[in-house]
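Q: Spelled out from the first residue to the last, the chains are:
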Amino acid sequence: MLQVEHLTKIYEDGTLALDDVSFEVPDGEFLVILGLSGAGKSTLLRCINRLIEPTEGRIVWDGTDITAASGEELRKIRRHIGFIFQEFNLVERSSVLTNVLSGRLGYVNPWQSIIRFPQEEVKRAMRNLERVGITDLAPKRADDLSGGQRQRVGIARALMQEPRLMLADEPVASLDPVLAHSILRYLEQLNREDGITVICSLHFLDLVRRYGSNVVGLKDGRVVFQGRPDEITDQRFKEIYGQEAERITVT
Amino acid sequence: MEGKKSPLLSAFLSLIPGLGQIYAGAPLQGAALLLAIVVTALLIQWQGSTFLYVGIILAWLWGVGDAYSLAQGRQISLVPPFLIIGVIVYIIGWQVTDIKLMRLITDVADIKPLVSNLLQPAVLERDIETQKAEVIFESPCSDSPPEKGTPLEDEPYLIILDKTCGEVGETFTIEGGNFWPSSRGQIWWLNMAGEMKRRIRQEGEYLTFQTDEKGRIPPLTIVAPEAFGEARGKGPQRSRVQALLKREVGTIHPSHTFFLVAEKMMETIFLALMATTVAIVFAIPVSFLAARNLMGGTPITMGFYYLTRTILNILRSIEPLIMAIVFVVWVGLGPFAGVLALAVHSVAALGKLYSEAVESIDPGPIEAITATGANRLQTIVYAVIPQIVPPYVAFTVYRWDINVRMSTIIGFVGGGGIGYLLQQWIRLLMYREAGAAVWAIAIVVWALDYASAIVREKIV
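Protein sequences appear in the order of chains R and B. Here the first sequence stands for residues 0 to 250, where the numbers follow numbering that gives the first Met the number 0. Here the second sequence stands for residues 0 to 459, where the numbers follow numbering that gives the first Met the number 0.
If you are wondering where the hints come from, they were derived from the structure by calculation, not from laboratory data. Treat the hints with caution; some may be incorrect.
Stated by the list, open to error - Some chain B residues close to chain R (C-beta under 10 Å, calculated; not the full set): (1) I75; (2) L77; (3) G249; (4) G363; (5) T369; (6) A370; (7) A373; (8) N374; (9) T378; (10) V380; (11) Y381.
No experiment lies behind these values; they were computed from the predicted model shown. Ideal placement from N, C-alpha and C gives every residue a C-beta, glycine not left out.
Using the sequences provided together with the hints, build the complete structure.
A: Right, here's the structure in full:
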């Protein structure tokens with residue numbers, strides 16, 4: 000159970016990104032964060048693993064206050080939370096294998112990891128690459144890959160963490176719509192088969208309906224909707240996306 | 000443009016250039032015209048070509064007319080006066096830099112020997128064998144003049160036929176034998192100790208001779224030259240007259256110059272290597288201090304950022320040549336001064352390039368690695384270093400390449416390396432030797448340029 004309580008984030012330039020956001024995520028859920036660009040989705044996800052420091056509020060995960068953790072404790076929490084980025088955030092000049100292995104940095108001996116990873120971790124990396132279907136790309140450099148392949152590397156890297164919670168920030172927004180499903184299906188699989196809680200921000204309502212078990216709608220940093228995907232009526236949709244919004248269908 | 004302004008007043012104001020335009024609503028153009036005319040007038044005054052004031056007057060008159068029509072609401076048109084001013088500036092520039100294009104054609108003969116020497120660098124040579132013989136001449140005469148010399152059986156000899164002493168300017172005749180047949184030779188004039196010598200000239204030309212088929216030097220008339228330096232005018236002085244033949248023998252082999260150039264070239268390359276290495280050691284920490292994205296946190300770190308940047312900019316603006324002069328005075332002539340000069344300049348140059356590489360790293364991977372629970376060291380090793388190593392290596396190789404080129408120049412002011420040899424040879428008019436150095440520099444610079452291009456291509 001992840002509890003977000005009265006979360007507020009004000010950036011240094013005065014921008015109010017999150018305004019008193021509260022919700023709960025039971026274990027095993029596929030929660031979708033819905034909202035326009037700039038609604039605070041990325042800030043919210045990054046506050047959960049403290050890539051961004053919240054200004055106010057608490058985030059409690061299975062009884063542990065993430066917002067109060069620091070140093071070693073914070074790193075121990077982070078290593079159980081996978082994060083998938085819109086722009087993949089791979090180290091472009093490193094190999095796919097190295098990128099995937101870097102997901103294990105929170106577990107291995109820091110000094111050893113600087114020299115080389117243990118053989119068992121390499122095997123684990125290959126298993127995770129197999130899981131996303133790109134074993135043969137292991138020796139390639141990340142910048143030789145296509146967008147879809149890169150996001151799979153991103154997923155394999157997150158899997159190295161053996162996460163219990165997976166955060167995904169617009170994981171398919173930089174990809175062709177046809178690739179969106181293939182990536183989201185992996186997340187769905189992780190959610191259903193491995194029981195990993197997924198919190199994923201998305202743009203398209205059709206994808207939300209297809210994959211989400213619950214939805215939090217954000218607008219200007221505030222929660223404007225909370226419920227099941229099928230409860231998003233056209234009226235609700237306009238509340239999240241503004242009055243001029245039209246629905247677009249993605250196949 | 001509003002037509003409420005008075006055209007006449009505008010034109011009147013333009014008697015001071017640009018003021019009309021400022022009044023009629025084009026302050027920027029007006030100010031620019033005023034500044035341009037004043038500066039150009041000062042330039043003409045300084046340079047002294049007063050006829051150019053015609054152009055200033057034309058530009059000024061156009062300005063008056065333009066101010067009038069501008070106030071009437073028409074479009075501003077200051078292109079012609081600025082064009083005139085541009086022409087004036089280039090005319091002054093032509094005269095100041097003393098451009099004489101005809102010289103390139105009329106004096107082309109002067110460059111020919113130089114170019115032909117440079118094209119025949121002294122890299123290969125054969126051993127030189129010499130034959131020589133001497134007699135003694137005295138000037139002016141003492142009570143016991145030297146002997147005329149005797150013809151020898153087997154060895155080369157030189158004798159004086161008529162008189163072995165005389166005043167400066169008097170002539171005497173020599174003859175010799177047993178030299179190599181049918182060879183050209185030279186006549187030298189030495190003091191008795193042999194440490195001072197010069198070739199004898201006759202009517203401006205070096206005196207030479209040709210041996211006959213039996214190796215005899217036919218009778219040769221010589222005008223007695225002045226004694227050397229201090230001995231001049233101090234009573235009778237004896238001097239040695241020497242006939243000298245040279246010929247090349249044996250196989251062609253690399254010359255002494257070749258080995259000297261090779262040795263100094265290695266010194267140059269190492270000089271650049273040491274300077275670059277020292278620069279790397281200092282530039283890496285400096286580059287982090289000079290990277291805005293790393294130092295942007297607090298006002299204190301921003302202060303360090305600006306301080307570092309300022310120091311780098313100042314250091315970079317000092318030419319390495321000037322630094323070399325400073326270090327030559329400080330640590331003495333030689334390659335160490337060159338290393339220091341290039342190192343200081345390279346720290347500034349590399350520090351800036353490195354810091355720009357740091358500034359351009361993608362924050363995404365850092366975020367991603369942090370999110371895995373990695374600590375700070377792991378984040379740097381896995382997210383920052385892979386991003387900055389390739390540009391660092393590329394910039395460093397490029398810098399080494401630049402330093403090799405610069406160290407040849409550094410040598411001109413005594414900073415060691417091949418430049419030191421080159422400037423000596425140029426001053427001594429030894430252009431064939433200088434040519435060898437120039438070729439060596441060209442080859443090494445080309446090779447390094449090529450290598451660094453490949454390295455940069457592979458890495459970036």
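Q: What are the numbers of the hints the structure violates, in ascending order?
A: 1, 2 and 3
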